[in-house]
Amino acid sequence: MIETLLKKTPLHPVEHQLGGKMVDFGGWELPVQYSSILDEHEAVRTHAGLFDVSHMGEVTVKGPQALPLLQRTTCNDVSKLEDGRAQYNGLLYPTAGFVDDILIYRMSGDDYFVVVNAANTDKDYEWLLECAKGMDVEVRNVSADYAQLALQGPEAERILQPLTDLDLSSMKYYRFAGGIVDGAASIVSRTGYTGEDGFEIYCEPEDGPRVFRTLVDRGVKPCGLGARDTLRLEAKMALYGNDIDHSTTPLEADLGWIVKLEKGDFMGREVLEREKAEGPRRKLIGFEMVDRGIGRHGYPVIDCGEEIGVVTSGTHSPTLKKAIGLAYLPLERSAPGSTFTILIRGKETRARVVPTPFYKRAKS
Amino acid sequence: MTPEDSRYAKSHEYIHVEGNVGTIGITDYAQKELGDVVFVELPQVGTQLELGDELGSIESVKAVSELFSPVSGEVVEVNESLADKPELVNTDPYGDGWMIKIKLTAPDEVDELMNAEDYEDYIQTEAGK
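First to last, the sequence lines map onto chains A and B.
According to this note's numbering, the stretch in the first sequence is residues 203 to 566, in order.
According to this note's numbering, the stretch in the second sequence is residues 1406 to 1534, in order.
Source of the hints: derived by calculation from the structure; they are not laboratory data.
Even for Gly, the Cβ is constructed at its ideal location relative to N, Cα and C.
You can take every hint at face value.
Here's a subset of chain B near chain A, in silico, CB distances under 7 Å, partners left out: (1) Gly1440; (2) Asp1441; (3) Val1443; (4) Glu1464; (5) Val1466; (6) Lys1467.
Modelling step: build the complete structure from the supplied sequences, incorporating the hints.
Now the structure itself:
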C-alpha cells in the first residue's frame, strides 16, 4: 500500500481534513490540489495562498570554516551575506552541473542554514559532508526538525502581521528573522517560489498543523503542488529535476546572476569561465506556443527531423491564459522572437521564444 | 452519481446511446482526476474510428491524457463549444461537456462496456490502488 511507503509531512492530517488530493511527490505524500489548480493559482496572485513545503530539506553548516566550505561548493558569493539575509545559490559539481539549487541563510557569523530540495536532501548532505572532510566545520541534516509553510500572495503581510511579534513591514525581500508566529517559535523569511510577495515560515513539526489551520481560518487558501508549479513557472523559477540537474550549468540555465567568478576558486569555476568566454552551448529559454498544444517536460525540440533541444517545463499559464514553457535551445536559436518546433506526441507544433519571466508582479 | 443510462470504458469514457448514435465524453471520476481542463482536441466530423482508436486528447493544467473510442463508428458531430469553454468537461461532464457523437457500426460493442454499477466498483478499485 502507498500509505506505508510514502513519507508524510507533519501537516498531513490537516491536509487530509481540508480535502487535499494527495499524490506521490518524490516519495512524499503531498496535496496536488484542494479545489482546483486555477482557483489556487488565482488566490496567490490576487489574495493569499498557503503551501506545505515541509518536505524541503534543511542542513546546518557551522564552524570556523563554514564560509570556506560554502564558497568552495557554490557559485554565488556567500561572503556577501550578512546576518538575517538569505541568498539563492547553486551547489555545483566540478563539472559545473547542479548538485542542487539552494537557499543559504546566514543565521549569525559562521552559522548557516541551507534549504535544499526535498528529493536531494540526502545527496546534498552527503556531498557537503564529503567536501567538508578535513575542514573545521560541522554539517548536520536537520530536516526532521522543521515544518515549513509558505504563505504567498499580495495579502500575505496583512494576514501574518497580527499573528507575529516581528515587524514584517520592515522585512525586505530575502531577509529573515526569528520570532513567534501564532505562539510557535519560528524563522520567518520573506522568500518564496511563486513570483509573489510572501513569507516562508519554519517552525517545529508539532506546531505546524496549528499555524497552518490558523492561517486557513483567516482566509488564506490552502494550495497544492499543482498551483505551486504553475506559479513558479510563470515567474521562471527553476525546478530541479526538470529545468536544471547534474548535467546543466548555471549559465546554460540562464542563471548567470548567481555566478560570481570574481569570488575566487570554487567547484565548476573552470567550466563556467570557459562558458562565459565562449558562450554556453545551449540556453534555457521561455516560450509560448504558436500552435495549439502544450509543450511539456521531456518533449523534443526538432529541426529538419533532428533533435536540437528539449522542453523542460510546460503548462497552461492561468494568469496569461496561454501555453508557456521552458526549453533548452542551441545558443544561436535562443533569441526572443525566433520560432521553433516541438514534437508533441508525434505532431510538429510551433512555439516562439519570448522574454522572461512570463509574469512579474507590480512593484508595491 | 454515475448515470444509469450510459455505458463505461476502463479508460473512463462514457457512451450514451440513442438509436444508432452514441454520445461520448469522459466520466465525472476522470474529470476530477484530470483537474482543470484547458483544452480538448477532437476528431473531425466524418472520421472513422475503430474500437480503441485514439479519438483525441485532453489537456488539463497538470497533464495531458488521450481519449480512446469505446466503440467503432463514424464521427457525426463534435462539441464545438469545448473550443471556447473546455471547462464544461469539469462542470458538466455528462451534459454540456460531451465530446463527440458517433454513428455506431457495431452496436454489439456497447454491450461489452461496463454498466454504471460495474463502473462504480471499478473506480473504487482504481482509487484504492
